[in-house]
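All chains, please: the whole structure from these sequences, using the hints.
Chain by chain, the residues run as shown.
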Amino acid sequence: DGGITQSPKYLFRKEGQNVTLSCEQNLNHDAMYWYRQDPGQGLRLIYYSQIVNDFQKGDIAEGYSVSREKKESFPLTVTSAQKNPTAFYLCASSIARAAFFGQGTRLTVV
Amino acid sequence: AQKVTQAQTEISVVEKEDVTLDCVYETRDTTYYLFWYKQPPSGELVFLIRRNSFDEQNEISGRYSWNFQKSTSSFNFTITASQVVDSAVYFCALSEAPAASGGSYIPTFGRGTSLIVHP
Numbered sequence: 001d002g003g004i005t006q007s008p009k010y011l012f013r014k015e016g017q018n019v020t021l022s023c024e025q026n027l028n029h030d031a032m033y034w035y036r037q038d039p040g041q042g043l044r045l046i047y048y049s050q051i052v053n054d055f056q057k058g059d060i061a062e063g064y065s066v067s068r069e070k071k072e073s074f075p076l077t078v079t080s081a082q083k084n085p086t087a088f089y090l091c092a093s094s095i096a097r098a099a100f101f102g103q104g105t106r107l108t109v110v
Numbered sequence: 001a002q003k004v005t006q007a008q009t010e011i012s013v014v015e016k017e018d019v020t021l022d023c024v025y026e027t028r029d030t031t032y033y034l035f036w037y038k039q040p041p042s043g044e045l046v047f048l049i050r051r052n053s054f055d056e057q058n059e060i061s062g063r064y065s066w067n068f069q070k071s072t073s074s075f076n077f078t079i080t081a082s083q084v085v086d087s088a089v090y091f092c093a094l095s096e097a098p099a100a101s102g103g104s105y106i107p108t109f110g111r112g113t114s115l116i117v118h119p
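Protein sequence lines correspond, in order, to chains A and D.
My numbering numbers the first residue of the first sequence as 1 and each following residue consecutively.
My numbering numbers the first residue of the second sequence as 1 and each following residue consecutively.
Quick caveat, the hints were computed from the structure, so don't treat them as lab data.
Any given hint might turn out to be false.
Taking CB as the label site, the calculated pair distances span [said to hold, decoys possible]:
{"#": "1", "chain 1": "A", "residue 1": "E15", "chain 2": "D", "residue 2": "P41", "range": "27 to 37 Å"}
{"#": "2", "chain 1": "D", "residue 1": "E15", "chain 2": "A", "residue 2": "T20", "range": "36 to 46 Å"}
{"#": "3", "chain 1": "A", "residue 1": "V110", "chain 2": "D", "residue 2": "Q69", "range": "44 to 54 Å"}
{"#": "4", "chain 1": "D", "residue 1": "N52", "chain 2": "A", "residue 2": "T5", "range": "21 to 31 Å"}
{"#": "5", "chain 1": "A", "residue 1": "T20", "chain 2": "D", "residue 2": "N58", "range": "36 to 46 Å"}
{"#": "6", "chain 1": "A", "residue 1": "I51", "chain 2": "D", "residue 2": "D29", "range": "19 to 29 Å"}
{"#": "7", "chain 1": "D", "residue 1": "P119", "chain 2": "A", "residue 2": "K70", "range": "38 to 48 Å"}
{"#": "8", "chain 1": "A", "residue 1": "S67", "chain 2": "D", "residue 2": "E15", "range": "38 to 48 Å"}
{"#": "9", "chain 1": "A", "residue 1": "F88", "chain 2": "D", "residue 2": "H118", "range": "21 to 31 Å"}
{"#": "10", "chain 1": "D", "residue 1": "Q57", "chain 2": "A", "residue 2": "F88", "range": "28 to 38 Å"}
Quick look at which bits of chain A chain D covers, simulated, 3 or more residues with Cβ under 8 Å [said to hold, decoys possible]:
{"#": "11", "segment": "32–43"}
{"#": "12", "segment": "94–105"}
Pulled from the structure, derived: some chain A residues nowhere near chain D, Cβ distances all over 12 Å [stated by the list, open to error]:
{"#": "13", "residue": "R13"}
{"#": "14", "residue": "K70"}
{"#": "15", "residue": "S80"}
{"#": "16", "residue": "N84"}
In this text, all values refer to a predicted model and were calculated from it rather than measured experimentally.
Ideal placement from N, C-alpha and C gives every residue a C-beta, glycine not left out.
Given below as structure tokens:
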């Protein structure tokens, strides 16, 4: 089936650790995005990528890093520099001006 | 800069009531796209509709309808005869045309409206 797969669904991180969230799509979309969702704040853009080997910072990129080595994959690393990483993370890809989302990863710092 | 406002934080209705979710947007562009997404408790955002700025026709899809009015910069969403399964958070979003040719349309989201439908 075509779609966007995020893994894991739940992730627990100890303070000071880096963690990587996976996002894979088999829709052949060029553009991919990472959003962060906090209660009552909607979705905020972390990073986006229009093509392979290119990506741009969004509104809240500090403490995060990404790579786009393959069209299908756009992993997000939450580094120890991100002071408040507990949130719900959503990956999306887009075509025809519409973004389609994965099921999300809920990250909790313990 | 683009901005989307969903003033209703939470709406509570009883099953079979009609409900309208408001969305007001701000943009300086003449070319833009508007969207509605549904986020059920599972978390995934489900795409509902896309509307471009040149198409002001209202749209109906089953119990769902959308009213796009450029004069008031609004793109409201109405659910007719609501059902318990409609309970979710609904997001309105806006994408402006990219500044450069070949650039991406980056959706900006409102804060969402939580709809609770009671049986």
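Do the hints match the structure? See the list:
1. E15/A x P41/D: 27 to 37 Å: holds (29 Å)
2. E15/D x T20/A: 36 to 46 Å: holds (43 Å)
3. V110/A x Q69/D: 44 to 54 Å: holds (48 Å)
4. N52/D x T5/A: 21 to 31 Å: holds (29 Å)
5. T20/A x N58/D: 36 to 46 Å: At roughly 44 Å between Cβ atoms, N58/D and T20/A fall inside 36 to 46 Å, so the hint holds.
6. I51/A x D29/D: 19 to 29 Å: 23 Å Cβ-Cβ, so the 19 to 29 Å window holds.
7. P119/D x K70/A: 38 to 48 Å: The hinted range 38 to 48 Å holds for P119/D and K70/A, with Cβ atoms some 47 Å apart.
8. S67/A x E15/D: 38 to 48 Å: Holds, since S67/A and E15/D (Cβ atoms, about 47 Å apart) stay within the stated range.
9. F88/A x H118/D: 21 to 31 Å: Since F88/A and H118/D have Cβ atoms about 25 Å apart, the given range 21 to 31 Å holds.
10. Q57/D x F88/A: 28 to 38 Å: Given a distance of about 34 Å, which is inside 28 to 38 Å, the answer is holds.
11. 32–43: holds (count 6)
12. 94–105: Satisfied; 10 residues make the cut.
13. R13: holds (18 Å)
14. K70: holds (18 Å)
15. S80: The claim stands: S80/A keeps its Cβ more than 12 Å from every Cβ of chain D (closest is about 25 Å).
16. N84: Given a closest Cβ separation of 18 Å, the condition holds.
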